[in-house]
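Chemist: One letter stands for each residue in the lines below.
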Amino acid sequence: MGEKKQHTDVLVIGAGIAGIEASLLLSKSGRRVHLVEKTSYTGGSVIKFEEVFSNMECSTCMVSPVQQELLQDKNINLLMLAEVEEVKGSLGNFTVKIRKKARYVDLQNCIGCNACFDPCPVSLKNEFEEGLSERKAIYVPCAGALPNVPMIDTEHCLHFKGKSCNACQEACAFEAIDFKQKDESIELGVEAIIVATGYDIFDSKKTPKYGYGKIDDVYTAMEFERLYASNGPTEGQIFLKNGKTPKSAAIIHCVGRDEKGYCSAVCCLYSLKFNHYLKSKIPEIKISEFYTDLCIPGKSHQKFYEKMKETGTQMIRANVVEVTKSGKEITVNYKDENGKKSNLLVDMVILAPAIEPKSDASELAKILGVSLDEYGFFKGENQDVFSVVTSKPGIFAAGCCQGPKNIQNSVSQANAAVGKILSATKTKMEGDITA
Amino acid sequence: MAEEFKPRIVGFLCNWCSYAGADLAGTSKLKIPSSFTPIRVMCTSRIDPVLVETAFLRGADGVLVAGCHPGDCHYEEGNYYARRRFAVLKKVVEGLGLESERLRLSWVSASEGQRFADVVNEFNEKIKKMGANPLRKKTSL
Amino acid sequence: MTMKIGVYICECGPNISEKVDIDKVIDAVSSMSDVAVVDRYKLLCSSDGKKFLEEEIKKHGLTHLVVSACSPKQHEKTFMEVCENAGINPYLFQIVNIREQCAWITEDKDEATEKAIRLTKAAIRRVRYHAPLEKKEIECNTDVLVIGGGIAGIEASLQLVSANRKVYLVEKTQSIGGLLTNFEKTFPDMQPSSALINQKIQSLNNNENIKVFTDSEVEEVLGFFGNFEIKVKKKAEEEPIEFDVGAVVVATGSNIFDPKKTPQYGYGKFDNVINSLEFEKMNLSGKISLKNGKIPKSVAIIHCVGRNEKKYCSEICCMYSLKFVRYLTNKIPDVKVSNFYSDLCLPGKSYQKFYEQTKGNTDFVRSMDVKITEKDGKLNIEYKDETGKKSDLSVDMVILSSAIEPTSDASKLAEIIGMSQGDGGFFAEEHEKLGPVSTSTEGVYVVGSSQDPKSISETMVQSEAAAGEILSSLVPGKKIEPEVKVSHISESLCTGCKTCLSVCSYGVITFNEEKKISVVNEAICRGCGNCAAACPSGAATIKHFTFDQIYQELMEAVK
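Residue numbers (this note's numbering), protein chains in the order written: chain S, 326 to 760; chain V, 4 to 144; chain D, 1297 to 1855.
Hints are computed from structural coordinates only; laboratory data are not their basis.
Idealized CB from N, CA, C, for every residue including glycine.
Be aware that a few hints might be false.
A short, non-exhaustive set of chain V residues, derived as facing chain S with CB atoms under 7 angstroms [claimed, not checked]:
| no. | residue |
| --- | --- |
| 1 | L27 |
| 2 | S38 |
| 3 | G74 |
| 4 | Y83 |
| 5 | F89 |
| 6 | A113 |
| 7 | Q117 |
| 8 | D121 |
Over 10 angstroms on every C-beta distance to chain D, these chain V residues come out as not near it, computed from the model [claimed, not checked]:
| no. | residue |
| --- | --- |
| 9 | T30 |
| 10 | V44 |
| 11 | V96 |
| 12 | S103 |
Derived SDA-like pairs (lysine to any residue); straight-line CA-CA distance at most 20 angstroms [said to hold, decoys possible]:
| no. | chain 1 | residue 1 | chain 2 | residue 2 |
| --- | --- | --- | --- | --- |
| 13 | D | K1774 | S | N400 |
| 14 | D | K1468 | D | K1355 |
| 15 | S | K628 | D | K1355 |
| 16 | S | K628 | D | A1724 |
| 17 | D | K1347 | S | N434 |
| 18 | D | K1355 | D | P1386 |
| 19 | V | K34 | S | N439 |
| 20 | S | K611 | S | S625 |
| 21 | D | K1405 | V | G134 |
| 22 | V | K9 | D | K1347 |
| 23 | D | K1855 | V | G134 |
Start from the sequences and build out the full structure, keeping to the hints where you can.
Modeler: Below, the structure is given as structure tokens:
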């Protein structure tokens, strides 16, 4: 009867900011990390933002050094286009099966020159850019994506749909494109698992009163982030659908809040950030923020709010009844807390939708054998709102997959999960170097 | 036929933001005048005023110092110090008998490839109008 | 030993070779002195390319290496490793970016070639001045000092002792437990607070890895990450207790805003106007009563007391006010509770549910300009609604939900430890987003409400995060490897002007009073270069970014 093998490797699921920070901290301690990421790029949601509140720091400048560190870290086995298929076992002895899809581009040979893009005959909407611009069937999601290696979208690539097309392969001077790559099945033994899979945003089409999807120039927060991004579809220029510059904008808070039943913690603050975005590109623009309760906790955030208010933004405490359009302008119809009705004409509307669990969160929870709370987020120990411990010992949840939160708290949770893992392993005697 | 004046511009770029922005301009295949020479430092706060003076004395037509946007400095406040030194440096440049506009301080973030290209191109045009550094022929050190 | 520089130009496939006439570059630099060999290769970062370089270094007995290829951000590390494997110090190497910042941005081939020549020459000139830098290793102590015995300090200690680290927990008052010992229940689960804190204290008491000092304060913190020297003063004892640690966790908590500073609420003037902490204690004692011993029939909870004065939202007051509603309605049947508030702050996932389940038991009145007076023997709340309409409400008792603020000794502690205070006077974290629990003093961490007002749950996460950072960077038996490209101050050139001290954001420079010179602690220097630029005598320099090295690049740039 053999002794059960105690693994020391750790599995981290999700290479967004929480997953990256957890992986780097684990690697620093000497652990080997397997970082599984579903997409072809690292950085998750944070790299979609141009700036972060409240000091308006450049998001790329903040994240790209850690992404670079990640890519060069020898202790971290980065598995991209990969998903966890099966998890068996328990703390100290998890057996994980991972399905890694083929990228069809060799990570070693590709030097990121982008020569394969132009020749590709297939164009389609770029999901990373929220459909606001196009990409090819062989693509990187945005300029500056890391790793700077494209992937082939086999659902749309002509070669994989049976048509004869080798345009990208012919354009590549490094023999980096390999149509023969196969999906892989990888089995790992790990001590613990950190889930850091992030979030989706509430589909604003589910609240038709805001006109999203029906009225031009009603944008979700993510779409607006991409419009403002200097590496985005418009290189940071803010235009209406008709090409004109908006003279007025309405930012509507709490979209989907009633439907979801919780406050998403970051929307008031990023709505104020949007105020800054708009004013910095269009100084004369008139901005109105529609909100019910202003949620801006934190030692630096009220200062940030006061600064935004000084730019002349109208804060309107009201419930938006309906967003309509007749002619050129959009009308925001609203009711204040006393029931008094009013309306406001604007050129552009930005919706701040709720943060919700990823659409495949319940599937992942089933695979891991952990519970979700009533909102679909990974449930913490003792119903604790912020605990990183899940219902299964050895499996931790960090970041927005655990509940809506800002970047700071996601990173704290990532480090906390690492702390839990490292403290569960008793250090042996001096001379035995394990953490 | 007079050769076209190609301004010799030295660009001190900080490792974290502006150098990455310059790399992004490259990955995006934007065009930047070839007479622009980048020199990498870890932080714009490393830029010794003597380096800038030496650059001009040795004939640099323009000096660009590009760092992280205020608040984004990898070393907390380095770029604030660069900004303060820069204000004094402008006076020094004037003291050398040169236009203070030959020295420029810009903030470029890692995602601003286009902005980097714009800044360098615009600066290049400006220096073209000012003409070559008159000290190039005069000084011998 | 004669210098032998090997210069290799990468074709990077067509990326460089089609834009730059590499042979012309080779010709241009071959004649430079100290250049032993110049060659080109298809793709130097490939495994064949790296092998080629290693072989070349050994074959020619090269002492220095220059590679003209892509950005240092891509492959500087790659080629430094090649050097190490081939027996050259990895810092006797310079990479030249002739791809992103030359070939890819220059249309004209002649111009691109000329630029590539200029950049390669600059690198050759620079590398001549490179010094071999050695990786340093510093012994480190893996013990930890935790300052503050509240939930933050206790949780951090627990994580650390579970990993067999020794912890010294220093608590100012006579017992550990902190603010939590005053609460009957915690939100939103409304579980007994004592259960939470007592269980943790029990675990600590049973652990031999922790030494708890109550009635004690930290007097002195000297040294640096991995090597702190601590002095702790226990009340009523003459001699301070001394010990060494590797890291310090600051978990000193917070105070509650003194409502006497906002006289409009009548605190200290009228009986039965109490602050939130006083109400917690009263509730915990089992009897909620007025000064005259009677049970209050009507209570008003005033939110945001001190918010305008402090200029931030304290995050937890709306939630604890709802908790107070529960306390009151559970203990006093038919009590009427009113909440006077401006904005509801419920940023936790189950907070809104808590509000929904509680609001039926209370009135929520959105108001401003709240003023408390006495009228007909009762307390009278005068207020305006958002339209400006005036109203008033008569109640028996008023609870002031007051702001959270730093402790009164925060500044003193900041000075002792060498931390900065940020917004609101709270201890400043290293980076708002990516460094939430570390500080700019390496090895010093700050957690809990001493860093920013926050809930118990968030505090525990921060404590665990600090433990994570400490457990990963201070490992028994493992040495710390600090940054190599750090500042160095020449003893002979230093004039003792202390300018460098004033510009260092990390506090790594100290002044040696005896020798009257500035000294850099290379173990914690980050290498930004600010001191080098500020130094008027040229004594301060940055390794690998010395004036001479940059000057060489500059000379080629202005030719």
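Chemist: Please go over all the hints and tell whether each is borne out by the structure.
Modeler: Each hint, compared with the structure:
1. The closest approach between the C-beta of L27/V and any C-beta of chain S is roughly 6 angstroms, which is under the 7 angstroms cut-off, so the hint is satisfied.
2. Interface hint at S38/V: violated, since its Cβ lies 25 angstroms from the closest Cβ of chain S, which is beyond the 7 angstroms cut-off.
3. With a least beta-carbon distance of about 4 angstroms to chain S, the hint placing G74/V at the interface is held under the 7 angstroms criterion.
4. Against a cut-off of 7 angstroms between C-beta atoms, the interface hint on Y83/V is violated, since the closest Cβ of chain S lies about 13 angstroms away.
5. Hint status for F89/V: violated, given a least beta-carbon distance of 20 angstroms to chain S, over 7 angstroms.
6. Interface hint status for A113/V: upheld, as the beta-carbon distance to the closest one in chain S is roughly 4 angstroms, under 7 angstroms.
7. Interface restraint check for Q117/V: the shortest CB-CB distance to chain S comes to about 6 angstroms, inside 7 angstroms, so the restraint holds.
8. Violation of the interface hint for D121/V is found here, the shortest Cβ-Cβ separation to chain S being roughly 11 angstroms, above the 7 angstroms cut-off.
9. At roughly 6 angstroms, the least C-beta separation between T30/V and chain D is not larger than 10 angstroms, which violates its mark as non-interface.
10. Look at V44/V: its CB is around 6 angstroms from the nearest CB on chain D, not clear of 10 angstroms, so calling it non-interface is violated.
11. Distance check on V96/V: its Cβ is at least 15 angstroms (rounded) from any Cβ of chain D, clearing the 10 angstroms threshold; non-interface status holds.
12. Chain D leaves S103/V outside its interface by the beta-carbon criterion, the shortest separation being 18 angstroms against a cut-off of 10 angstroms.
13. The hinted pair formed by K1774/D and N400/S meets the criterion: a straight-line CA distance of about 16 angstroms does not exceed 20 angstroms.
14. For the suggested pair K1468/D and K1355/D, the alpha carbons sit about 67 angstroms apart, so the restraint of at most 20 angstroms is broken.
15. At roughly 64 angstroms between alpha-carbon atoms, K628/S and K1355/D are farther apart than 20 angstroms, so this suggested pair is violated.
16. Proximity of K628/S to A1724/D is assessed by CA-CA distance (about 16 angstroms); at most 20 angstroms being required, the pair is judged to hold.
17. Note on K1347/D and N434/S: the hinted pairing holds, with a Cα-Cα distance of about 16 angstroms set against a maximum of 20 angstroms.
18. Using a Cα cut-off of 20 angstroms, the hinted pair K1355/D and P1386/D holds, with the two alpha carbons roughly 18 angstroms apart.
19. With a C-alpha separation of about 16 angstroms, the suggested pairing of K34/V with N439/S holds against the 20 angstroms cut-off.
20. Straight-line distance between C-alpha atoms of K611/S and S625/S comes to about 25 angstroms, which puts the hinted pair past the 20 angstroms bound.
21. Note on K1405/D and G134/V: the hinted pairing is violated, with a Cα-Cα distance of about 25 angstroms set against a maximum of 20 angstroms.
22. For the proposed pair K9/V and K1347/D, the alpha carbon gap of about 40 angstroms is over 20 angstroms, so the pair is violated.
23. For the given pair, K1855/D sits about 16 angstroms from G134/V by alpha-carbon distance, which is consistent with the 20 angstroms threshold.
Of the numbered hints stated above, those contradicted by the structure are hints 2, 4, 5, 8, 9, 10, 14, 15, 20, 21, 22, listed in ascending order.
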